[in-house]
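Novice: Required output: the full structure, derived from the provided sequences and hints.
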Amino acid sequence: MEIQLTTKEKDYLERLEEIVKNRTENSNLSLGIMVEQNAENLPDHTAFLFEDSSWTWQSLNQESNKVSNFFLTLGIESGDIVTIMMENSAEFLFITTGINKIQGISSLININQRKQALIHAFEISEGKWFIIDGSSLKAFNEVFDDLNIAKENVFVSNNLENLEHPFTDLRKILDEVSQDNPDTTFKSNLRDDSTYIFTSGTTGLPKAAVQNNARLLNPFGMLALKLTPKDVLYSPLPLYHSLSMIVGWAAVVQGGSAFGFRKRFSASEFWNDVKKFGATCCLYIGEVPRYL
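Under our numbering, the first residue of the sequence shown is numbered -15, with each subsequent residue one higher.
Take these hints with a grain of salt, some might be off.
As the list claims (entries may be wrong) - With a Cα cut of at most 30 angstroms, we get these calculated BS3-like pairs of lysine-lysine:
1) Lys191 / Lys112
2) Lys247 / Lys191
3) Lys5 / Lys(-6)
4) Lys99 / Lys135
5) Lys122 / Lys171
6) Lys5 / Lys210
7) Lys214 / Lys5
8) Lys112 / Lys135
9) Lys135 / Lys(-8)
10) Lys247 / Lys210
11) Lys247 / Lys259
12) Lys260 / Lys210
13) Lys247 / Lys214
14) Lys191 / Lys99
15) Lys210 / Lys(-6)
16) Lys191 / Lys122
17) Lys171 / Lys191
18) Lys171 / Lys5
19) Lys122 / Lys99
Since the hints were derived computationally from the structure, they do not count as laboratory data.
Keep in mind the model is a prediction, meaning the values are calculated, not measured.
Specialist: Structure representation (structure tokens):
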């Protein structure tokens, strides 16, 4: 029996077939590679909008390169893990992209975890270096003595309130680092592990779901939303969550589109953000629409 497909279904399958064919022929692909390619092909096109600022693909790539080049000086090797505890910010994208371009793994900690759950998340991450933002410093300091972590391996980013801490200020270091593309970017492979995304921990301690480059670049979001460089995808969700990172940000990278986001979900600001960013599509999860 012949299956009758709608025009939209045929279009979806044709685009999916093209992606599968391209990835079968060339497995050297990663988010970092695609960001670098977007910087070359769409240098002045907006890559993302955060609060009242925006960054082009070129500026995103340059900021990410600083992260790559700095960690290369630390001796990072393929498969080394950098544990990241940060709320949504421009720096979050710079850091995770930069780590990806040198075949490192970003372990994304849920910033709402506390005490034993947070200790567990750090321990199973097995990070070699740690990046904490200003808003997470208090929670991190509460468990630091319970972790086997050397202070010199902890870096603080985006410390907007200038909180005192005994760790290294990452921004001051990055200001002095080269923004040139690292030689490592195109050494990435779809099979390489790229990201750890944690479960919420509602049924026990949080567990790390390992995402390789192929999973991170899951084409579902781009195909479902038909993202192009003319689109702006708005996400009110945390980037340490798979929906925002994979279906959202990674889809935008693949489509050469733009990504609009904020620190945290705000029901009162949702539609204002949509208008401000010029969003053509939005992400949501669970009961978010009920609050709108």
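Novice: So, for every hint listed, does it hold in this structure?
Specialist: How the hints compare with the structure:
no.: 1; hint: Lys191 / Lys112; in the structure: holds (19 angstroms)
no.: 2; hint: Lys247 / Lys191; in the structure: holds (24 angstroms)
no.: 3; hint: Lys5 / Lys(-6); in the structure: holds (16 angstroms)
no.: 4; hint: Lys99 / Lys135; in the structure: holds (19 angstroms)
no.: 5; hint: Lys122 / Lys171; in the structure: violated (37 angstroms)
no.: 6; hint: Lys5 / Lys210; in the structure: holds (18 angstroms)
no.: 7; hint: Lys214 / Lys5; in the structure: holds (25 angstroms)
no.: 8; hint: Lys112 / Lys135; in the structure: holds (12 angstroms)
no.: 9; hint: Lys135 / Lys(-8); in the structure: violated (54 angstroms)
no.: 10; hint: Lys247 / Lys210; in the structure: holds (26 angstroms)
no.: 11; hint: Lys247 / Lys259; in the structure: holds (17 angstroms)
no.: 12; hint: Lys260 / Lys210; in the structure: holds (22 angstroms)
no.: 13; hint: Lys247 / Lys214; in the structure: holds (24 angstroms)
no.: 14; hint: Lys191 / Lys99; in the structure: holds (15 angstroms)
no.: 15; hint: Lys210 / Lys(-6); in the structure: holds (13 angstroms)
no.: 16; hint: Lys191 / Lys122; in the structure: holds (23 angstroms)
no.: 17; hint: Lys171 / Lys191; in the structure: holds (29 angstroms)
no.: 18; hint: Lys171 / Lys5; in the structure: holds (20 angstroms)
no.: 19; hint: Lys122 / Lys99; in the structure: holds (11 angstroms)
Of the numbered hints stated above, those contradicted by the structure are hints 5 and 9, listed in ascending order.
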